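Undergrad: Residue strings, one per chain:
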Amino acid sequence: MSSPAIDLPPPARSRAIDMLRLGGVPGLIVLVLFACIVVGGIWRLTGHVVTPYDPVALDLSSRLLPPTLAHPFGTDSLGRDVLSRVVAGAWFSLMTSMAVIAIAATIGTLTGAVAGLLGGLADEVLMRITDLFLAFPALVLAAAISATFGGGLATTALALAAVFWPWYARIARARILGLKNLDFVTAAITLGASRRYLLLVTLPPLLAPTVLVQMTMDVAFVTLSLSSLSFLGLGVQSPLPEWGGMVYEALPSQPRAWWLAAFPGGAIALTALAFNLLGDRLRDQFDPDHRRNGD
Amino acid sequence: MLAQLLGLVARRLFAASFLLVGIVFLTFALSRLLPGDPARMYAGARATPEAVALVRQQLGLDAPVLTQFQTYVTALAQGDLGLSIVTRRPVVEDVLSFLPATVELVLAAAVIGILAGTALGTWAACRQERLPDYSARGLAVLGLSLPDFWLAILMQLIFFSALGWLPLGDRLNLDTLPPPTVTGLLLPDALLAGNLPLAWEILRHLALPALVLSLPLAGLLTRTTRAATIEVLGKDYVRHARAKGLSRRRILIRHVMRNAMMPGVTVIGLQLGFMISGAVLVETVFNWPGVGRYAAQAIRAVDYNAIMAMTLILSCAYVLINLAVDLAYVWLDPRLRS
Amino acid sequence: MDSLPPISRRRMLHGLMAGGAAVTLPGLWSLARAQVPIASGRDPETLVVATEAAVDNLDPATNIDWAMGLVPVYETLTVLKGTSTTEVGPSLASSWTKNADASRWTFEIAAGATFHDGTVCDAAAVKAAILRTLTLGSGNGYVWGIADGETQIIVEDASHITFDLGAPRAFFDVQVSGQYGFWIASAAAAEANSTGPDDQGSAWLQRNPVGTGPYRLVSLEPGQQAVYEADPGYRGGWKPGQFKKIVIRAVPVESSRLQMLDSGEADVIFPLPPEETIALRDAGRFKVSDSETLTMNFIALGCYGPLADPRARQAMNHAFDAVSYRDQIQLGLKAPAHGCFPVGLSGANPDQGVPGFDLAKAQELFAAAGVAPGTELTYLYYEGIGKQAGELLQALLGSVGITLSLVEKSYSAFAGDYFGDAPPDQRYNMYAFSWWPNFNHPTEYARPLFHSASAGSMGGNAGFYRNDEVDRILDETQDAAIDAALLEKMKRLQEIVAVEDPAWIPIFQDRTAMPYRTDIAGMDLNPAYALTLPFYGMTRGGA
Numbered sequence: 000m001s002s003p004a005i006d007l008p009p010p011a012r013s014r015a016i017d018m019l020r021l022g023g024v025p026g027l028i029v030l031v032l033f034a035c036i037v038v039g040g041i042w043r044l045t046g047h048v049v050t051p052y053d054p055v056a057l058d059l060s061s062r063l064l065p066p067t068l069a070h071p072f073g074t075d076s077l078g079r080d081v082l083s084r085v086v087a088g089a090w091f092s093l094m095t096s097m098a099v100i101a102i103a104a105t106i107g108t109l110t111g112a113v114a115g116l117l118g119g120l121a122d123e124v125l126m127r128i129t130d131l132f133l134a135f136p137a138l139v140l141a142a143a144i145s146a147t148f149g150g151g152l153a154t155t156a157l158a159l160a161a162v163f164w165p166w167y168a169r170i171a172r173a174r175i176l177g178l179k180n181l182d183f184v185t186a187a188i189t190l191g192a193s194r195r196y197l198l199l200v201t202l203p204p205l206l207a208p209t210v211l212v213q214m215t216m217d218v219a220f221v222t223l224s225l226s227s228l229s230f231l232g233l234g235v236q237s238p239l240p241e242w243g244g245m246v247y248e249a250l251p252s253q254p255r256a257w258w259l260a261a262f263p264g265g266a267i268a269l270t271a272l273a274f275n276l277l278g279d280r281l282r283d284q285f286d287p288d289h290r291r292n293g294d
Numbered sequence: 000m001l002a003q004l005l006g007l008v009a010r011r012l013f014a015a016s017f018l019l020v021g022i023v024f025l026t027f028a029l030s031r032l033l034p035g036d037p038a039r040m041y042a043g044a045r046a047t048p049e050a051v052a053l054v055r056q057q058l059g060l061d062a063p064v065l066t067q068f069q070t071y072v073t074a075l076a077q078g079d080l081g082l083s084i085v086t087r088r089p090v091v092e093d094v095l096s097f098l099p100a101t102v103e104l105v106l107a108a109a110v111i112g113i114l115a116g117t118a119l120g121t122w123a124a125c126r127q128e129r130l131p132d133y134s135a136r137g138l139a140v141l142g143l144s145l146p147d148f149w150l151a152i153l154m155q156l157i158f159f160s161a162l163g164w165l166p167l168g169d170r171l172n173l174d175t176l177p178p179p180t181v182t183g184l185l186l187p188d189a190l191l192a193g194n195l196p197l198a199w200e201i202l203r204h205l206a207l208p209a210l211v212l213s214l215p216l217a218g219l220l221t222r223t224t225r226a227a228t229i230e231v232l233g234k235d236y237v238r239h240a241r242a243k244g245l246s247r248r249r250i251l252i253r254h255v256m257r258n259a260m261m262p263g264v265t266v267i268g269l270q271l272g273f274m275i276s277g278a279v280l281v282e283t284v285f286n287w288p289g290v291g292r293y294a295a296q297a298i299r300a301v302d303y304n305a306i307m308a309m310t311l312i313l314s315c316a317y318v319l320i321n322l323a324v325d326l327a328y329v330w331l332d333p334r335l336r337s
Numbered sequence: 000m001d002s003l004p005p006i007s008r009r010r011m012l013h014g015l016m017a018g019g020a021a022v023t024l025p026g027l028w029s030l031a032r033a034q035v036p037i038a039s040g041r042d043p044e045t046l047v048v049a050t051e052a053a054v055d056n057l058d059p060a061t062n063i064d065w066a067m068g069l070v071p072v073y074e075t076l077t078v079l080k081g082t083s084t085t086e087v088g089p090s091l092a093s094s095w096t097k098n099a100d101a102s103r104w105t106f107e108i109a110a111g112a113t114f115h116d117g118t119v120c121d122a123a124a125v126k127a128a129i130l131r132t133l134t135l136g137s138g139n140g141y142v143w144g145i146a147d148g149e150t151q152i153i154v155e156d157a158s159h160i161t162f163d164l165g166a167p168r169a170f171f172d173v174q175v176s177g178q179y180g181f182w183i184a185s186a187a188a189a190e191a192n193s194t195g196p197d198d199q200g201s202a203w204l205q206r207n208p209v210g211t212g213p214y215r216l217v218s219l220e221p222g223q224q225a226v227y228e229a230d231p232g233y234r235g236g237w238k239p240g241q242f243k244k245i246v247i248r249a250v251p252v253e254s255s256r257l258q259m260l261d262s263g264e265a266d267v268i269f270p271l272p273p274e275e276t277i278a279l280r281d282a283g284r285f286k287v288s289d290s291e292t293l294t295m296n297f298i299a300l301g302c303y304g305p306l307a308d309p310r311a312r313q314a315m316n317h318a319f320d321a322v323s324y325r326d327q328i329q330l331g332l333k334a335p336a337h338g339c340f341p342v343g344l345s346g347a348n349p350d351q352g353v354p355g356f357d358l359a360k361a362q363e364l365f366a367a368a369g370v371a372p373g374t375e376l377t378y379l380y381y382e383g384i385g386k387q388a389g390e391l392l393q394a395l396l397g398s399v400g401i402t403l404s405l406v407e408k409s410y411s412a413f414a415g416d417y418f419g420d421a422p423p424d425q426r427y428n429m430y431a432f433s434w435w436p437n438f439n440h441p442t443e444y445a446r447p448l449f450h451s452a453s454a455g456s457m458g459g460n461a462g463f464y465r466n467d468e469v470d471r472i473l474d475e476t477q478d479a480a481i482d483a484a485l486l487e488k489m490k491r492l493q494e495i496v497a498v499e500d501p502a503w504i505p506i507f508q509d510r511t512a513m514p515y516r517t518d519i520a521g522m523d524l525n526p527a528y529a530l531t532l533p534f535y536g537m538t539r540g541g542a
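Protein chains in written order, with numbering that gives the first Met the number 0: chain H, 0 to 294; chain Z, 0 to 337; chain G, 0 to 542.
Over the 12 Å line for every Cβ pair with chain Z, so calculated as not near, a few chain G residues:
1. 152
2. 158
3. 325
4. 327
Partial pick of chain H residues on the chain Z-facing surface, computed with a CB cut under 8 Å:
5. 131
6. 264
7. 272
8. 275
Chain G stretches covered by chain Z per the calculated footprint, using a threshold of three residues with CB under 8 Å from any CB of chain Z:
9. 50 to 61
10. 138 to 144
11. 197 to 205
12. 216 to 223
13. 256 to 266
14. 412 to 419
Quick caveat, the hints were computed from the structure, so don't treat them as lab data.
Treat the numbers as computed from the prediction; the structure is a model and nothing was measured.
Where is the CB? At the ideal position from N, CA and C, for every residue including glycine.
From just these sequences and the hints, can you work out the full model?
TA: Below, the structure written as structure tokens:
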């Protein structure tokens, strides 16, 4: 009666609690940020305003107000509520970053895995191409690609994906090389697994932890890069709120209207911080290459 | 060992040359795709169409693309990087005048980052799970998370506007003359000339931009060093050294740090590359006359030659840094030498 | 099951504290600030100007964009007197006469006029300079309106030069005071450094100007700053208080410019956002210039596609709330637009007026012109100039169901579009820009903007505006004297382009708003000399 013969999966509620504990405080912040993405997404896609004010509604009589109860983050030079813009901005800044990473990770991991599996000439060629993109100075490459295609948010996102995918290729390849010689892989091949099967079925679960951890930490990096490009004048076109773009627009009125740069900049910092810390925790938990002694 | 190192260098340079060919091609393609009309930029926005056409011809932009590429490559082989449309002088001159500023900034940032990162990381590892550890890791994460342009503005607000301790930007005060050129970098030149007040002024101008630029490196290095140090501290040979009675300090420096530095070297290499191209934002906010600012201006003004030159130079820098990292590995780890 | 170490609250706390400080510190800072400007120990005989863009092209034959860097080192034959835009006084020419019908003008070159390289500037040198401007293919010589310089410009003797214009041009003396194409540079010096007939020394002269002006260039760091020093031998002489050195610095970040003024490092700065300008003016520690200019800021409307019908363009004018824009965004710093002509331009009708803000009327006219709700229009601007006007228009058009998308480009990309010849289906519907005349004459202003032959790369008519009556008026009045007949015709022209068949939405007429130190005198900014400073007449003396 004491120990069950079968290990039952834990009930759903305690699984959720486990996930929360795994995420910890950074995880909670990330959840808040996700909520902001949802709010921003609803507004962007359906037009329904969930934030206290419409993020693009002008109000010339309330221009450049410092933070007050009515406008906790103040208003900008056209009277728009900064809090609403920061919250809705999560859709543009954070969602875009995640899209960038998704694209980069997919292309990169596939490339790296194929290179690692195939070896030989294919490996050499793919890795040279990867090196080429890696050698290109990131900012110049992203800025050039973005400017070429009009400088909007979509093109900037694609440009950033072009900058980030090589990292995933390298990581995936290194991991595959390490795994290739393991027993169970050899066993799978003996059992008749084709390379395609290996690539699509056997190896992904093994690659997943490393890649996912890297993706989480990269959210911080990509959000910073996206806001940097916006700061240089590329990225989302007005009047849509994007955090980096908001700091860029705030520059002429610094230091007087400090709230215009402080809050969007703070949102970027908070996002980066939360995802970095979350990535730490995930890596501690999942990454077999990484001992707990690490950071 | 020297022969082996030379062999390594030769192999790497050979591989790098393929890389460079690809980069030359890619930059050319990209710069030709950029929107905007450099001929009009050069001639002036309100110039007549005849004037613009003439300028286009003078700049060689009316030739077919392949011809333009050929001209470019030929000139490149002779060290001619073309004429900048924005500054109206040879790009080589521009680069030579702006590069030292960025080099000095990046070097200063690297020094700060490496010193701070290694020190904090080692300290944190030795005081694991206590206050120094947490503060070091907290600072490290912050260094990686705060957007540099935002931080730069913040630093200006605090240290210039509010406190008045440090200058707003630039490398020197308005009326100050630079020291006689020896290395091309202001601070060493001032010290070599024995001009201490000038060196102090240079340092004051260098402080904020270098600090802001160094933060990601310091952050990453703290974490990497900490992790590596902890790992090394648990190793047998360290315990063996302790058992032999060697002082902690000696163990730390001779045995631990050297081994713990290896992953750090990779990090430094990677970050240096990022810092050089990422100095754009810091240089913009602090009005630092370096190549980062020059590159950003070039992209905006569709200055073909400047964009291509900057990309080439940055890529070369990256390749060289990679080479240096590989060599450093060999130097640090005798096991790799055989 | 639980394999994680407990969360360290301290770790999180450190992060949060730092983040919180980063957010609140700027707020505390704003409380702490209350400094009085101090001359920071720099040389009081140096004038430091901090601007947004950098001085670059110093060859007057090719500089058609910004004359700021040319003003210290070059002279024109005549110069506008003080802040008048119609009266000229002597500059490089000490006197001049004209024949009965003003088709032949003779100028006497000032005695003692020398170039900075020591050579004498006599009539022959002036002719050579003008010829160079006329013949340089990439130059702006067309501003002279002289078809054949060799025969039409006659050197009478060492100090007299005659212009045979072939047709009456009563305003020629005012024309040659323009800041674009009329400066006299040493053709000999340029030729000595020429790399070929297409260059004529331009590449060299752009960075090594040789003129007759009161200052000479000491150093030019492209994209950074230009430094000039007073020429002690300048024939105009020097008075105490005048500046011995001028530094024009490019400082792209607004807050840095402001800090430079605040700390005493800069004497004059521009531009600044309206809030900052008002704050400076009200605080009283600095002065802010407030004078007229002949510059108009406008949104050029594309006369093709959805806006081809004049009613649609009238509706556009009704849809833009120019009053709110001027009062609440520009904070009253800019003058209203009374039409498409700047008030102060000869022939401008200050009572012309534009269609007023009336959204109901706009809706009506849009419907009449077939611009249905759901129409999408595009608006092009560069580097933040015109952005807020665009956002305001966007919101207002949105409330009548029209979607306006704003597109920002770099100045060079924008100029390529504005002055380009792309077909209408590839053009934007609106362009935000500004324009000022080279000198004060109504056709000099109107022709490049509103004549159909000036469309695209042929002038400044980005909207491909075409109105037959306007074309006819402009053709009839080419080079006409400013008399009652001309004024009558100009009045009619203004009526057409502002109300009947609108070419633009005029936003405002620019006024200068340059903050400067209270100890600077002589900031008499001439309305026709946009965005430049009268360096020779400026002094520092007492607060």
